[in-house]
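Residue numbers (my numbering), protein chains in the order written: chain A, 1 to 330; chain B, 331 to 660; chain C, 661 to 916; chain D, 917 to 1172.
No wet-lab data here; the hints were simulated from the structure. Treat the hints loosely; a few may be bogus.
[Claimed, not checked] Under the rule of at most 30 Å between Cα atoms (straight-line distance), these lysine-lysine pairs were calculated in the DSSO-like manner: (1) C:Lys862 with A:Lys170; (2) A:Lys329 with C:Lys815; (3) B:Lys334 with D:Lys956; (4) B:Lys500 with C:Lys780; (5) D:Lys1071 with D:Lys990; (6) B:Lys500 with D:Lys990; (7) C:Lys815 with C:Lys780; (8) D:Lys1129 with B:Lys659; (9) B:Lys615 with A:Lys170; (10) C:Lys734 with A:Lys170; (11) B:Lys552 with C:Lys718; (12) C:Lys815 with B:Lys359; (13) C:Lys780 with A:Lys78; (14) A:Lys329 with C:Lys734; (15) D:Lys1036 with B:Lys659; (16) C:Lys780 with A:Lys7; (17) B:Lys359 with A:Lys4; (18) D:Lys1036 with B:Lys615.
[Unchecked claim] Chain A is nowhere near these chain C residues, computed Cβ spacing over 12 Å in every case: (19) Arg779; (20) Ser821; (21) Pro822.
The structure presented is a predicted model; accordingly, all values stated were derived computationally and were not measured. Cβ atoms here follow ideal geometry from the backbone N, Cα and C, with glycine treated the same way.
If you want the building blocks of each chain, they are given just below.
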Amino acid sequence: MSTKDLKSGQNELFVSPDGDEARAFFREKSRAPEPKLSSVGEAVRTLLDDGDYIAIGGFGANRIPTAIVHEIVRQGKKNLGFAGHTSTHDFQILVAGECFDRCDIAYIIGLEARGLSPAARRYMQSGRIRVTEWTNAALAWRLKAAAMGLSFIPARTMLGTDTFVYSAAKEILCPFTGQKYAALPALFPDFAAIHVHEADVYGNCRVQGVTISDQDLARASKKVVITTERIVPADSIRARPKETFIPFWCVDAVIEVPYGSYPGNMPYEYFSDEEHLRRWLEVEKNPEEYERFIKEQIFDTESFNDYLNLNGGIENMSRLRAKELMIDKV
Amino acid sequence: MSTKDLKSGQNELFVSPDGDEARAFFREKSRAPEPKLSSVGEAVRTLLDDGDYIAIGGFGANRIPTAIVHEIVRQGKKNLGFAGHTSTHDFQILVAGECFDRCDIAYIIGLEARGLSPAARRYMQSGRIRVTEWTNAALAWRLKAAAMGLSFIPARTMLGTDTFVYSAAKEILCPFTGQKYAALPALFPDFAAIHVHEADVYGNCRVQGVTISDQDLARASKKVVITTERIVPADSIRARPKETFIPFWCVDAVIEVPYGSYPGNMPYEYFSDEEHLRRWLEVEKNPEEYERFIKEQIFDTESFNDYLNLNGGIENMSRLRAKELMIDKV
Amino acid sequence: MPDYNPIELMICVASRILEDGATVVVGTGAPCAAAMLAQKTSAENLCIMFEAGGVAPKLPAMPISVGDSRTFHKALHAGSMPEVMETCQRGMVDYCFLGGAQLDMYGNINSTLIGTDHRKPKVRFPGSGGANDLASLCWRIISMTTQDTKRFTEKLDFLTSPGYLSGGESRYEAGLPKGTGPYRIVTNMAIMGFDQESKRMKVLSINPGYSRKQVQENCGFELLWAEKLDDTTPPSTEELRILREEVDPDGYIIGR
Amino acid sequence: MPDYNPIELMICVASRILEDGATVVVGTGAPCAAAMLAQKTSAENLCIMFEAGGVAPKLPAMPISVGDSRTFHKALHAGSMPEVMETCQRGMVDYCFLGGAQLDMYGNINSTLIGTDHRKPKVRFPGSGGANDLASLCWRIISMTTQDTKRFTEKLDFLTSPGYLSGGESRYEAGLPKGTGPYRIVTNMAIMGFDQESKRMKVLSINPGYSRKQVQENCGFELLWAEKLDDTTPPSTEELRILREEVDPDGYIIGR
């Protein structure tokens, strides 16, 4: 196989994969262990600009930083690029705000076993959004390449398919074996928000359960906002250094947001609110009802606690906690 | 920069980096969760052949599977290839048995702040050993490439140096940025031994402290032997699934070896026996004394417990435990 | 003969494909049910994995998401997405389950869109998710799907996940790992495999109540036929009992 | 003026280079002592890292190994070797310390061998270890070493770890990250930097008790000289007190 027969995906690469450009940014990023407590409003206002490329941690409706995603909509951020990686409810919220105009797609529109979002589908069928196709592993590895400080990483995925044709990957050959690979360009998001179980004020974070791609997302992203169920003392981090999942130097802001993944699932804390998620899918069918719902749920709630209270408050949270811990049927 | 100006390291690649060859092996490897309890003698006899390429977990004199390394010497395994990655005391033991005749070098001969091993130095200056140069990160990433199922991974290390010239790496260009990289060939060892804190009989393992490269070594290697301070019930693994560091399907044999990293350090368990390590460096200066010492310490000890008893037994272990926990000066 | 519906049939048939001691990545819904049923019948030591990182859980209920708490409930390992995908890429995962809006004679799958304009499709679907990855990297792909001429189509609107691409050796020439590919398509009407040479879909077995003619009429391309065509063994009373009482007692998937 | 030995001088001088809030990868011995001293004087929030995975420990004593328990004692993170190396490759690590058997005018380092036959060297050393990686990937390389003509040599027997290679832009043309390279060489006699254009070693400051002539005579290649040559500030009483009482009370490194 000659190198001149190698194919390239024809779609747009939204973020520069250049390792030296990223290094120049990271060189200036503070690595001093200083307190980074912030608020949802301040973090989104100061760390996210219109036009930035963003990524959301967790897995769509599992361990997601809902408060930050709401705030992005509330502050009317526009023309964002979005990493549609394991995105479900987070995608749905951003669509409600029409926040992004370009999207790397691995998984969008759907909410897994719950069905598809009519509003997200309309948005993505409108022709207004610039799109590039990838896969879950491809986006995971693009983040990993960035976290490693590389501009690309090889993978044996996407080859031979239209997913490759409509991607921005390029075929390359292994210099040792001649094996064909898809070269995946590193993805350095401008901004990422990740919800965790515990963090100290410096941004050292711990999570429970599966980590999805957050270990790499936190390292690949230029600016990182952490929402956490609980702030813990730094001594607690030092007592179990092996469990530090995200080290402080990745993090720009830390915000305590109890029940912060609601209506999503938070492992060992509370299950997803399936009724609430069903309501979204229902109201999206009717544009007027949808507008009212978004206004009520996002624009008219001043704080995340307001939003929780609107949706059953502590009582509902306790119910979801019982469901998560499987003590609801005892 | 044109691709025809790209350089190649001139030295030997000891192990095929071919991903499809490795896949063919892994396809046949058992992934049934079955009990894998074994003994040191049986594991080395059945899983390691003369001529194999091996790698040792841990970091030279920290969390090393000493019993397995001794047994390789005791069974007189010969013509092995060795990954000289973060190797110190493990290297020294294998040199005592003259077990390997080819070596990928990142760090060899030395014992860090303790000084250099005269015997290891003689062995490596003899001209009898085929050698290829690498770096710590290069070997770590070669293992990572293999763990990922790739035949190579790019890196920004070794470029422009004699370390590259005497390696088996190859320069490549990033297809997106034109950036020059060292392509590192995947390293799939035939055999690896890793010492851990806790394992169940199926081979699910937990460790404490830094992990060095063992997460990748366990996944990259075709056959993996685990020695463990303690066997724990499988239920204990299921109670904390996040802490499973090596999953059972990587593992071929599990052996309970308390104090198994002696004379090395085992984090949170016991510190290294610096006197014993100093004795090695001392006796190596005198060939006759060295031979007697190796006979006494390795060939004449029938079990690892014999070896521990020869070196102070439980009393010494308790002393090292107190040192590790810093209660020795209380 | 016990009474059963098409989804129950497909789950039972698919569960029998999974042998003891194998590894399988599943999604939510019917594939997860098939794997759970296999564990409770012929493949006690089947290792179930989810792409978000869950490995060998003791599933307390059907997951709603491949990343929810249930996917690593009392699991042997709660890992990461790259870890699971890399385990697939390394050749340690035997089976995966895939579905889609369209399927062609080489087992290629479309889960991206209907239409011709990529940016403005007639109908947009979620896209690959992990499907292309699993289809590329696991040894054997299994699909469970209702069969009709719209779904089983001559030409996909978009080739999201690779089957045998254009047949023959084209899958491996594209760089995909040797020896991998679509293995079984389980429909309400039949069980298909693939011809070793041409890599075209071949009917191996016809389900109770269906004819060869019906199977072909409900397929948008020409099917090959095994020389010795089997009759699909229907779900046993015991399989149905376990499926209904233990695997999906709430009937989320089997609709009872 | 307090009394001190050459290693104490070098540690004190090196410690002042490290600014507060920076990241540094250190090995065992003098570099670790310099970083610890910096933390206790001018750089309280210096983040010390070890290549085996330890990050920001509260060091209870001098590590014997860069992977021993002390390197992650009450640390903020106990990670892995690839994680630390990737943090360097990503551009998040400011400083590293390197030593070697030979050093040339471009700050290139030999820690592999003496001789001409790679397979059968006259003297074999440990090799790169992590040195080449850190020299390639961290922003600024610092070396502490005793100065003589054998060590500071015109031509290395083996170029293990990259300084500025053959000078000028050659380091970046080789593919190494832009803006990285040797920063300071701290010897018993002087402090050197590097000329911005030629990338040759340039004396910035002479230590108490040494002359320009001695510094050149104990170097195997021609040194450049800063236009305004400084006198090295000797260790202060306070620096020495902290070094001797808190950093290395057993005198393992400073030999007291």
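Each hint, compared with the structure:
no., hint, result
1, C:Lys862 with A:Lys170, "violated, 34 Å"
2, A:Lys329 with C:Lys815, "violated, 49 Å"
3, B:Lys334 with D:Lys956, "violated, 52 Å"
4, B:Lys500 with C:Lys780, "violated, 43 Å"
5, D:Lys1071 with D:Lys990, "violated, 44 Å"
6, B:Lys500 with D:Lys990, "violated, 40 Å"
7, C:Lys815 with C:Lys780, "holds, 19 Å"
8, D:Lys1129 with B:Lys659, "violated, 50 Å"
9, B:Lys615 with A:Lys170, "violated, 56 Å"
10, C:Lys734 with A:Lys170, "violated, 40 Å"
11, B:Lys552 with C:Lys718, "holds, 28 Å"
12, C:Lys815 with B:Lys359, "violated, 38 Å"
13, C:Lys780 with A:Lys78, "holds, 20 Å"
14, A:Lys329 with C:Lys734, "holds, 18 Å"
15, D:Lys1036 with B:Lys659, "violated, 47 Å"
16, C:Lys780 with A:Lys7, "holds, 24 Å"
17, B:Lys359 with A:Lys4, "violated, 38 Å"
18, D:Lys1036 with B:Lys615, "holds, 20 Å"
19, Arg779, "violated, 6 Å"
20, Ser821, "violated, 7 Å"
21, Pro822, "violated, 5 Å"
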